[in-house]
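Chains as they are written, first to last, in this note's numbering: chain A, 220 to 866; chain B, 220 to 866.
Where hints are given, some of them may not hold.
No copy labels: a pair is met if it fits in one copy or bridges any two.
Unchecked claim - Below, simulated DSSO-like cross-link-like pairs (lysine-lysine); rule was C-alpha separation at most 30 Å, straight line:
{"hint": "1", "residue 1": "K562", "residue 2": "K494"}
{"hint": "2", "residue 1": "K846", "residue 2": "K322"}
{"hint": "3", "residue 1": "K430", "residue 2": "K381"}
{"hint": "4", "residue 1": "K559", "residue 2": "K744"}
{"hint": "5", "residue 1": "K841", "residue 2": "K751"}
{"hint": "6", "residue 1": "K562", "residue 2": "K499"}
{"hint": "7", "residue 1": "K562", "residue 2": "K755"}
{"hint": "8", "residue 1": "K498", "residue 2": "K512"}
{"hint": "9", "residue 1": "K846", "residue 2": "K723"}
{"hint": "10", "residue 1": "K559", "residue 2": "K488"}
{"hint": "11", "residue 1": "K494", "residue 2": "K430"}
{"hint": "12", "residue 1": "K810", "residue 2": "K841"}
{"hint": "13", "residue 1": "K559", "residue 2": "K498"}
{"hint": "14", "residue 1": "K846", "residue 2": "K323"}
{"hint": "15", "residue 1": "K837", "residue 2": "K810"}
{"hint": "16", "residue 1": "K537", "residue 2": "K322"}
{"hint": "17", "residue 1": "K494", "residue 2": "K559"}
{"hint": "18", "residue 1": "K498", "residue 2": "K562"}
{"hint": "19", "residue 1": "K559", "residue 2": "K499"}
{"hint": "20", "residue 1": "K757", "residue 2": "K841"}
{"hint": "21", "residue 1": "K757", "residue 2": "K837"}
{"hint": "22", "residue 1": "K488", "residue 2": "K512"}
{"hint": "23", "residue 1": "K494", "residue 2": "K603"}
No lab work stands behind these hints, which were simulated from the structure alone.
2 protein chains.
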Amino acid sequence: MRQKPETTKRNSMDSYQEISNKAIFLCKLVLKMTTHAGSGHPSSSLSIAHIITALMYKIMKYDLNDPWNPANDRLVLSEGHAVPLVYAAYADLNGVWGVDQNKKQVLTIDDLFSLRQINSPLDGHPNPSTGFPFFDCATGSLGQGLSCACGLAISARAQGIKKKVYVIIGDGESREGQIWEACDFIIDHGLTEVIPVFNCNGLGQTGSVSKQQSPQNLASKLKAFGFDIRNIDGHNPVEILESFQQKKGNHPFAVLAKTVKGWGVELLKGDNHGKPVSKKTLDQALSDLDSLKTCNHDTNRVKVHPSSPQKIKNLPEKKLQLLPDPDFYSLLENDPYLSKYQKGLMSTRRAFGLALKESGQINNQIFVLDADVSNSTFTEYFSKSCPERFIQCFIGEQNMISVAAGLSKSNYIPFVASFAKFLVRGYDQLELALIAEANIKLCGSHVGINIGADGPSQMGITDLGYMRTLSTVHNNDGEPLIVILNPACAVAAYKFVQLMTEHKGCCYLRLIRQDLPLLYLPSEKFEFGGAKLLRKGKDVAIMATGYMVHACIKVVEELVEAGISPSLYDCYSIPVNPQTVTEAALENGGKIVTVEDNYGNGLGTEIASIVSSDPSIKAVVKQLYAKRIPKSGILSEDVLDFAGIGV
Amino acid sequence: MRQKPETTKRNSMDSYQEISNKAIFLCKLVLKMTTHAGSGHPSSSLSIAHIITALMYKIMKYDLNDPWNPANDRLVLSEGHAVPLVYAAYADLNGVWGVDQNKKQVLTIDDLFSLRQINSPLDGHPNPSTGFPFFDCATGSLGQGLSCACGLAISARAQGIKKKVYVIIGDGESREGQIWEACDFIIDHGLTEVIPVFNCNGLGQTGSVSKQQSPQNLASKLKAFGFDIRNIDGHNPVEILESFQQKKGNHPFAVLAKTVKGWGVELLKGDNHGKPVSKKTLDQALSDLDSLKTCNHDTNRVKVHPSSPQKIKNLPEKKLQLLPDPDFYSLLENDPYLSKYQKGLMSTRRAFGLALKESGQINNQIFVLDADVSNSTFTEYFSKSCPERFIQCFIGEQNMISVAAGLSKSNYIPFVASFAKFLVRGYDQLELALIAEANIKLCGSHVGINIGADGPSQMGITDLGYMRTLSTVHNNDGEPLIVILNPACAVAAYKFVQLMTEHKGCCYLRLIRQDLPLLYLPSEKFEFGGAKLLRKGKDVAIMATGYMVHACIKVVEELVEAGISPSLYDCYSIPVNPQTVTEAALENGGKIVTVEDNYGNGLGTEIASIVSSDPSIKAVVKQLYAKRIPKSGILSEDVLDFAGIGV
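Bound conformation, chain A alone:
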């Protein structure tokens, strides 16, 4: 449990001098390590020196020997380029690092000089996957840290842990709209555990920040969004300590700290965003800092340690429960949709929604995040059965994806669902989540031009190409960064929820708006990389995915009537197992046609890449996809014709 703050002692002149001198000591380390590395952002680092010192040495409660302890207070450095200061403090405090607890070792002052080197855990921007677990989230693309912190806070609540999450945000950075999505989210959810600290040094990369990001304007905005504000001098240790130690009440508050970029070093003041001081001028810069010391304490003698975090029992790692094969009839028992299902129709998005509901009831690790479209993605089933783990993010997709990234760091499994088109809004956030090895299940509905009437602004048509790009790369476990699942049948969609839940790593599930005939029995088995041979022929292999599997079933009938015997594959997963392609080529006279109703660079290039890279596969691959920008059409078929891929 939290101890009473020792206000009297802490705010004393001792604390003032301790923090001041420690900050100077750290600033000097930052100068040395960035000059040694030949790059880095010392001027931003120096502007947060006193704030970070106060937080890491006095305010935060965490275990330096166990950065994995879920009870630790956390720091999210949203303006990631200022990270050298944090590394310096952590090394001075002898914190441990390592890719996991079995390989932990103490970070030494010497280690600081490996900053940015290829074998160092000290990446140019916060990156937990290099072995620096003091951070949960990768930052460096600006504006995302506050949202990640919200995810951390929500998972702590779910675990019954009381901890604080401090977030350092640049003033220039606060121009990013995502910051304001996160502010709304904090107020909506009353996340008093999340404490945004705005570092107002007044300078961006190329010059002054806009007046819109002045401390005064930021204060007005934050108040309007619902925050209490504490204005401080960010280089005054007493003001810093008091701002965090004031009686908190039940209201979210934010700290606005006026700071100086390049604090204490003449050479670094003004226009010096990304540059370290040169080797030549390093001594001058260091002596600038020495001259600011307020007393002659040996900083190592007065070393103070952070308090310990709340003691928590080991959180049991709950085993995932298996979802049984779907029995749609009973799942839909009281659902108005039952009559349509009885006609043999079911959309993949509805099956996904039903599976999520069922899986959520037996697996309380599952969270669902929605951006006000749960009645389109059918996460509304889950929202009704597990409301405590359904997070309404409203229409702010960027924030939603970063919240999921934070949430996934405590072994929760966030399913993030929206229209595939709107998830594009959060691709940058997804990329940062992937750097941090977040375990997010992204679910995009209304994929393909088959959605028809709503028009191109609602269609997920670039998503497959983008996600395939991520699927070509592997994470440290050798798994694709993203596994793509593109079910053509409700049974597959249902069962993919199970596959995604079990898989440690990001997945992308594509969901179709239309009600479609079922292709598989409830007992059918699916696997990553798999494909289903729906018809075995000999003249041409049609390899289709998603909605186009259904369109191709009609094509197959016409071809058979015309005397041609095609094979038809349902390629429901990317990466595709190359063996399937080898077989398809071999058994169909080397003729392959790929069919998808998104833009190119999806299934077609997957197959083309396999065929062209393997001299033993003799085949020609014709890629069919939406060749022009679509528009509205009442019938899917109209839009398919329009885009050049009609039956």
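Given chain A's structure and the hints, the job is docking chain B onto it.
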């Protein structure tokens, strides 16, 4: 010039009744057309009925016979799903439509019943490219319209045109962070011409909007951002008219309109976001509306027309001036970089910056948009030589790209430059811009893992795959939606600015951070789809792009020493001309290796797709790219080794 508003007459009971009855008339049309289409969003449409009626019939000054007139006041319907109401008003007013002025025709009431059909200009969401030029911007993915409006206003200013741009924004939509980026932008640039109207009906798609989006909270936020606020009842014509006609002063203002979703129709109130009324209940819904009529005027008899816009002289279409071949020595005459250039080194980003400066001085159609990284992308050269056309957007990439979309609609050519990584933030905005056939030149610097020390959060590595996805699709002129240019040499980067400026359509230019040796003479010619054969061999064709061309030059040396004779291609453009690939395969024994330092799905799949689709090309394609998620490394080579593509 603007006439004095006829306040007395306009705000009279006549106006009140005229607008009320006209709104009811339009609401009835909306019900009929959406029920006929079987989809659409009548409830949202009805909530803006009075606002749109007041704007389109009374407030806006525009020429119904010439929606292309640049002096027209403009409407941006950011909550695009409410568009049926605008279509109904435009048809009632006999406005013209057409893909261009030579094919214009009057929109009739009958035409409304083609809503969402494949041959109709009336798409499900605003889409100017279908032939509805009353709109400039495609909307439908929420939160983007206000930024587009800023672009329209900036271009009007540049043309010396005084006009207003009205933007309708949903309350739920105002959760999107981009709205607040746009608000900052409006205040920064004093864009009083842009008038945001928040439609506060209190309901999103799945239920109530958050309290954070209540009219009270929106008012507080907008005030904090710097707006004057006008609170009105959005169904009271007098309040609506007065809110737009009040003496404006020199300060941006926003209108907050309290409205009712499904106004006037019992069946549509509450939870009915995307559904039209059924055919069965249509009569009931229509009679609900009839009962609200305030008098028995025949609405067609009291039809009022909007006032005419400002008369402007024809804007001359200025011919683009050609950029001469680069003479870097004299371009860098007073630049500290000259000494490095004299050693034979130059980064592509610097050459881009120099070209942009030169081209900007002779072509005043060129605008440059920056997100506070002009000293990294080198648009700072342009910012100094053409400050009046340099738009500082600060750190808000989403807003930046949508502003560019608006700006490009008046024949301006916006170059939008940031780190390629940070442009990912605006991919959804780019997609909407592409729907509207915006002519944007996107320039992403720091591409590839070669940037080294800063780490993966700063590297453009998914961009090539994403952009190639867009390059597989064609616009209405038969051009790729995106032409990708990936120069390996400063000369190429310089000359690509010329190619991009001339091209009508979106381009994506990738820029490298590193200083690199020049590969070409200043007179070298480049073209879309082109590639350069740097070494002609016979054993294997190495097809590289960007930074990896330089890495491959070293590889070629080693291969030659080992007795192998490779060909080396610099593939600087995607789509690649298939002829190059045919030749490469034919002359190198059918062995092709592609090399790029981004994730897969870029150049490799381009070549693989060409090879595998053409039976006459006998070749095996080995794709080399970054196979794992990178991290920081001091040397580019370290990071390339780490990701499995070292020399």
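Cross-check of the supplied hints:
no.	hint	result
1	K562 to K494	between (67 Å within a copy, 22 Å between copies)
2	K846 to K322	between (51 Å within a copy, 25 Å between copies)
3	K430 to K381	between (37 Å within a copy, 26 Å between copies)
4	K559 to K744	within (25 Å within a copy, 62 Å between copies)
5	K841 to K751	both (20 Å within a copy, 27 Å between copies)
6	K562 to K499	between (80 Å within a copy, 23 Å between copies)
7	K562 to K755	within (27 Å within a copy, 64 Å between copies)
8	K498 to K512	within (23 Å within a copy, 81 Å between copies)
9	K846 to K723	between (35 Å within a copy, 19 Å between copies)
10	K559 to K488	between (69 Å within a copy, 26 Å between copies)
11	K494 to K430	within (25 Å within a copy, 44 Å between copies)
12	K810 to K841	both (8 Å within a copy, 21 Å between copies)
13	K559 to K498	between (74 Å within a copy, 20 Å between copies)
14	K846 to K323	between (52 Å within a copy, 27 Å between copies)
15	K837 to K810	both (9 Å within a copy, 15 Å between copies)
16	K537 to K322	within (24 Å within a copy, 66 Å between copies)
17	K494 to K559	between (64 Å within a copy, 18 Å between copies)
18	K498 to K562	between (77 Å within a copy, 23 Å between copies)
19	K559 to K499	between (77 Å within a copy, 20 Å between copies)
20	K757 to K841	both (16 Å within a copy, 28 Å between copies)
21	K757 to K837	both (15 Å within a copy, 23 Å between copies)
22	K488 to K512	within (19 Å within a copy, 68 Å between copies)
23	K494 to K603	between (53 Å within a copy, 22 Å between copies)
Comparing the model with each numbered hint stated earlier shows that all of them hold.
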